[in-house]
Amino acid sequence: MSEQAGERPLPAPAPAVNPETAEFWAATAAGRLLLKRCLNCGSVIWYPRAICPECSSLDTEWFAASGRGRVYSYTINYRPEGAYQDCAPLVLAYVELDEGPRMMTNIVGAGEADLAVGLPVEVEFHDTGEGSALPRFRPAAS
Amino acid sequence: MTIRGKAHIAGAYEHPDRKIPGKSIAQVHAEVALGALADAGLSLSDVDAYFCASDAPGFGPISMADYLGLRRLRYVDSTETGGSSYLVHVGHAAAAIAAGKCRVALITLAGLPRSQRMPRTSASALAPEAAFEQPFGPTTVSMYALAARRHMYEYGTTSAQLAAIKVAASRHAQHNPNAMLRTPVTVEEVLESPMISDPLHRLDCCVISDGGGALVVVAPEVARDLPRQTVKVLGHGESPKLADNGRIDLTYTGAVWSGPRAFEEAGVSTGDVDYVSIYDSFTITVLQTIEDLGFCEKGKGGAFVADGCLEAPHGRLPFNTDGGGLCNNHPVNRGGMTKVIEAVRQLRGEANGPVQVPDCEIALAHGNGGSLGTRSAAATLILGREDA
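Just so you know, the sequences run in chain order A and B. Per the working numbering, the first sequence starts with residue 1, numbered consecutively. Per the working numbering, the second sequence starts with residue 1001, numbered consecutively.
Excised from the complex, chain B in its bound form (with noise of 0.2 Å):
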């Protein structure tokens, strides 16, 4: 069986606001819910499955149904990955449509990173790597940087070409009402900017922001009698990358195997895709989840990027014109969710005017959470125009 057409995007929303104090973090769930099944045109009454990550609040997925009132739930996924969550939770509802457990599921991330601190969780001091990983005092930027040291080392990659890419979603985020950085940057300012973790710079790390965004994924059924344009969902792969034993490889990332499922499942091929949302936790992870996908040979991603091949409307690989991680938004610390809802504004036409991909058909969306080398989950979905 195949999910390929068998679930449609009808909904998509993201919070426009980048810090939110007075508010709570079940209440922001509460809104984008809200936003995305208004873009859909429906309601909450009509929800039948919900998921959701450890973003949310309380027990599983049971603390938000039950705040929000979801009396019609038969299907409820809480799968966390980290960031890619969502892209594995679109993914998971598709195939639960597909197999007839539900018809309409909601998928909400919510959080208040900058205005609450972060709730504490036991549960990764608990992890059996802890110990032997935790005393040494690894910040999820310095892991990055770890692995972006390796790929230097191995394919002779600079930090002026991962600038590149901080350049490109800085100058697509000047177009973004709601971006938090909207000011274009240049090379240079990338690599004057501190140093925050050798050889990342804080131009080179992603923003941290208040928010939240959500999504309706629809039986066709559903989406052929609802007012707005949907998007088909295509393919999806999901792939765990392990420390395995000690075999670390900081290289590379799930997504080669993540991205060969995707593309597989939806029946297209890196030419037919038109427009990418790229997973940009750090520039780092930009350009090995490119080569990972197969957009270029593996260890030539420095010299991919360095050309304006990401800038849109006109380049090779547009990505990212919301501003991506990088300049607008990394609501929760978690990106998932905002690059699978700016594939859709791409598909439906509805991207800020300058970025608009002409014609967009295929879009890829790609998630990565956890350690980027190390110990991470990536998840890509493959998402086409609804006529397409």
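Next up, chain A with everything else stripped away, as it sits in the complex (with noise of 0.2 Å):
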């Protein structure tokens, strides 16, 4: 690679939000990485939303995440499309949090020879200019 993965500033898309999901984008917007939680069965639910797919409750709640985790998997795109087009190459990445789920995200300031799956991480937020901050992850400090 002539240019190491992640390091160019990468866009930020806005994600489309509804009232369901609105809670979840503020806090990006403010440097935080929220969870949801069943009140019912105590679950981490992830993707945030208003049931809870293990026990089928209505009853959940925001709590904030640690912001921390590890690789679960990651990919080099040389092709990447749309508003990533000129971006090449993107690590898109599954990280696994250290509360539990598995959500996707984009690797940043890592080399090639850096990623690796198991990689510890921590939360960064990129401003979409839309009231929204997308959550990626850097290598963790220490």
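Rather than coming from a laboratory, the hints here were simulated on the basis of the structure. Each residue gets a CB set at the ideal place from its N, CA and C atoms; glycine is no exception. Take these hints with a grain of salt, some might be off.
[As the list claims (entries may be wrong)] Covered stretches of chain B (in silico footprint by chain A; criterion: 3 or more residues with CB under 8 Å from a CB of chain A, positions within the stretch not fixed): (1) 1126-1137; (2) 1183-1196.
[What the hints assert, rightly or not] A few chain B positions that, by computed beta-carbon distances, are all more than 12 Å from chain A: (3) S1043; (4) G1060; (5) R1103; (6) G1267; (7) G1299; (8) G1308; (9) H1314; (10) R1385; (11) D1387.
[What the hints assert, rightly or not] Derived lysine to any residue pairs resembling SDA-like cross-links, with alpha carbons at most 25 Å apart: (12) B:K1019 / A:E81; (13) B:K1300 / A:G118; (14) B:K1019 / B:V1185; (15) B:K1298 / A:G118; (16) B:K1298 / A:E96; (17) B:K1300 / A:V117; (18) B:K1300 / A:A116.
Assembly of the complex is requested from the two constituent chains, each provided in isolation within its own frame, with the hints serving as guidance.
Now the structure itself:
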């Protein structure tokens, strides 16, 4: 690779926000990663939704995640599309959060030699300019 | 109730072209419909059930039924599970026929992704998961690359092992005059092809083609009166695989459930299968599916495919003898239809000569729609020769 994957600033396309997810995205704009928890069975819920897919309860609450996790899988995409078509190579990943769920994201600040399954990472937020920010991850400082 | 032996595939037709300028999508649906019905010895006026997925333009199954003049319909189904839709349709058609709801079911697939821009649908943008995935730029290839990476991590699978799947497909495609890619390739050529989304190279990916195909599924009493050899539907299984509340596991597919259901209904096991059509959007799709269907131990797929065992006619598990999606045809980015069609050819003894499996009695066709390990739909069919 001529350039290190993930070193250039990436665009931050705004997600479609709806009443069910507005609180999640408002929190990202303030630099916080929220998860949902089921108040009936205690399960962590991902992606955020109004129903617990474990026990069908509609009684859920938001809580702040640690923002830390490990890379579950990653790929260096040399042919990204859409908003990212000029951003090759783009690192797409699933990160397993310390709270359990595996979420889709991008890894930034890591070259091909740094990337590995199991790599400890921490969240950072990239402002979309529309009242939300994308939770992306970079190698953990320590 | 079981569908075993209660429906036959009487007609199968693959559009011969891979680039079709100057025609509409509906027109190509009509061409493949007529092709499959002619193959069966039937006509549009015999059809009383119509099945299609979202590649059919218009209002569910209704617009195409109207376009084709299907005036006798008493059963329609537009189940959409991506590339596996058409295997699901065969299973649903067999169940409907077994229940006496219809006698002659037509299934069509057609589209023009090379000649025209694919129509953009808003459905995926409105999906509840979309906001938590789409902003990060997932592409189809990169989603499958994530699965390949994790399989490599857990089981030591290598790029050279994945490449062996493409090599076998290319050796089959050289005998198919309609295949898009007819030149055999080597493992080295796969590994030297450009990296698209690490670890998947260009030659790990299927072709993009215009075209389509169609099937005609009929009741046994209809099959008896037809001039052509038909193929028995012996078993069917379908299984959505979900992201499951963040417990995504990229190392297996819904075939772990659809396979056993189909085998049980058919009353056969992996050792009875003479030929397999395995969904091959990417090489990793084939490798995981072969493991999940039980043809080898989980995680041992790499070693299993690396010794030429997929090559017809004499490999242990001859697969995709038309060249598959990797070399022949992947119409509308949906490979399920052509998987069934090649299985029908094998059971009729009508595959291309050098790749015809001798005395092919039992075949399996498998489709996978959606993203391999994340959110997908698997479908398995077990088919038997008419005298099976």
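Subject >> Hint check, failures only >> reply: none
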